[in-house]
Amino acid sequence: MNKSIKYTLLSSLIILFYFFIPLPIFLVGNETTFVCVILLCFVVEYFIESAKSGEPIYMRPIAAIKAMEEAVGRATEMGTPVLYVPGISSLDQIDTISGLTILGHVAGMTAEYEANLHVPVCVPIVMETAKETCKESYLKKGRPDLYRNDMVHYVTDDQFAYAAGVNGIMLREKPAAVFFQGKFYAESLILAETGNSIGAIQIAGTGSSSQIPFFVTACDYTLIGEEFYAASAYLSGSPEMLGSIKGQDYVKVGCMIAILIVFISSLLNGYGIIDFNIESLFRTNVVK
Amino acid sequence: MYELIGVWCVVLLTLSIFSYLYGDNPFYKAAEHIFVGVSAGYVFTITFWDTIWPNLFGRLFPKYVGAGFSFDITYIFPLILGVFMLFRLSKKYDWLSRISIAYIVGMMAGLKFYVFLNSNLLTQIKSSTVNLSGTYFSIFNDLIILVGVISGLVYFFFSKEHTGALGKISRIGVYFLMIKFGASFGFAVMGRISLLIGRFEELIEFSKPEYYYSTPVTLLIMIMIIGYWAYKDNTKPLEK
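Chains as they are written, first to last, in the numbering used here: chain A, 1 to 288; chain B, 1 to 240.
Bound conformation, chain A alone (with noise of 0.2 Å):
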């Protein structure tokens, strides 16, 4: 059967089964909500799946992506470490997974270039984490001799004195790239200033809309938002990812034309040509 076929058909019949089963199983309220779940799933799954059956996926250049090696290969040139902070949060936030996906790329390169790798981090799982994946990168390039395991070590769990302690190892250390990829909060512009007063080529990425300002002034590339997310995902190359990222698109456009109907809808029910407010749709049912 078509592919294409084969999962419309699967989601109609979910969201068939929602509406019209007659036990008594689901939250009533949340119908809006249910069908964007299976949709979206749906849509990002079909995706995946072309991807998986080696559909070519057009993935368009992100600066920032390019500039990474170009940051490593200067800090090896120099001699000087390549410095790379995942955030303040911990697993539980996308941005510190990303982070974790983009530092594996880094590790390789800096195994590659027998550069140094220092990874300060705030959280103790993420600690754990981001060893693993070091571990695992060195391994890959056929370099385990040189992954040592205190390149990624513990600082603190408190927001300031993590930033008092990475804008202590920047002023000592003099790192010639840093990374700052992950979830950040208030102290971005401070980790972002030291990193530019000591002269480091600074590459930056976060989904915290409120701290991207002080990347975009104080480093040279940054990844906002979702180029963030794209970006581990196109560096992990995996094809689930990359499908992910194309379904994700198509999501876009489908969020698009709902913002447009929603929007046209509102005149129509405004100028009265039509009686029916499309805000009640949107609503949800939440269990406390």
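Since the hints were made in silico from the structure, they are not lab data. Accuracy of the hints is not assured; some may be wrong.
[As the list claims (entries may be wrong)] With a cut-off of at most 27 Å between alpha-carbon atoms, the simulated BS3-like pairs for lysine-lysine come out as follows:
1) A/3 with B/160
2) B/91 with A/131
3) A/131 with B/112
4) A/131 with B/92
5) A/141 with A/131
6) B/160 with A/252
7) B/91 with A/135
8) A/66 with B/160
9) A/252 with B/126
10) B/126 with B/112
11) B/92 with A/141
12) A/140 with B/160
13) A/174 with B/232
14) A/52 with B/112
[Unchecked claim] Partner residues are not named here, just some residues of chain A that face chain B (Cβ under 10 Å, in silico):
15) 155
16) 162
17) 261
18) 278
Glycine included, C-beta positions come from ideal geometry on N, C-alpha and C.
Once you've looked at the hints, dock chain B against the given chain A.
Frame of chain A, contents of chain B only:
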């Protein structure tokens, strides 16, 4: 007496952190190490006594802990996952910690998916309505938001090349993003300035005779020591 010692410590540590403006120096180094060390110990203690002890052990051993909870056997699972994390210390069984990590990542991904879908996606679509009963200014505002959201979304298209019409719309999206970032930057700087004023107010307060001129005395001593240190360490000049 203790208050006075506290005030002098506050002034010394604040000025030590400010001394970073001059470059890396012994005062900044000391303050940084104290800050990192104290906060790490403090966070560990608080996490254990305020979270793990009452919420976990309080439910597994309610009579012994006495945190006001009744016995709940399901809390054995967080305990097991927590113990698995400690297996990181063992070379043979460190793979067990991956189960705990996988649980955290998977569970939070599922939870956040629902939250983000509702708060970021559906609420955004819902907010695209235009209220014709409002003023001309509010209607214009709604239109601006519509154009900004659509063009911003186009900028974040990754699987298509940004050329032609798509490129032009995404360029508009970039302008919207930059305006947002500029406004956000200005707003945050205002907030930081008010924090700085707060610190200065405290330092000015501690300059009074009842605190034995803590701020100016500490500042003077620090300047002299940093000057002497810079003079002695002239083989390694201070770097900004």
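Evaluated hints:
no.: 1; hint: A/3 with B/160; result: holds (22 Å)
no.: 2; hint: B/91 with A/131; result: holds (14 Å)
no.: 3; hint: A/131 with B/112; result: holds (25 Å)
no.: 4; hint: A/131 with B/92; result: holds (16 Å)
no.: 5; hint: A/141 with A/131; result: holds (16 Å)
no.: 6; hint: B/160 with A/252; result: holds (13 Å)
no.: 7; hint: B/91 with A/135; result: holds (14 Å)
no.: 8; hint: A/66 with B/160; result: holds (18 Å)
no.: 9; hint: A/252 with B/126; result: holds (15 Å)
no.: 10; hint: B/126 with B/112; result: holds (20 Å)
no.: 11; hint: B/92 with A/141; result: holds (24 Å)
no.: 12; hint: A/140 with B/160; result: violated (31 Å)
no.: 13; hint: A/174 with B/232; result: holds (22 Å)
no.: 14; hint: A/52 with B/112; result: holds (26 Å)
no.: 15; hint: 155; result: holds (6 Å)
no.: 16; hint: 162; result: holds (8 Å)
no.: 17; hint: 261; result: holds (9 Å)
no.: 18; hint: 278; result: holds (7 Å)
Of the numbered hints listed earlier, the single one contradicted by the structure is hint 12.
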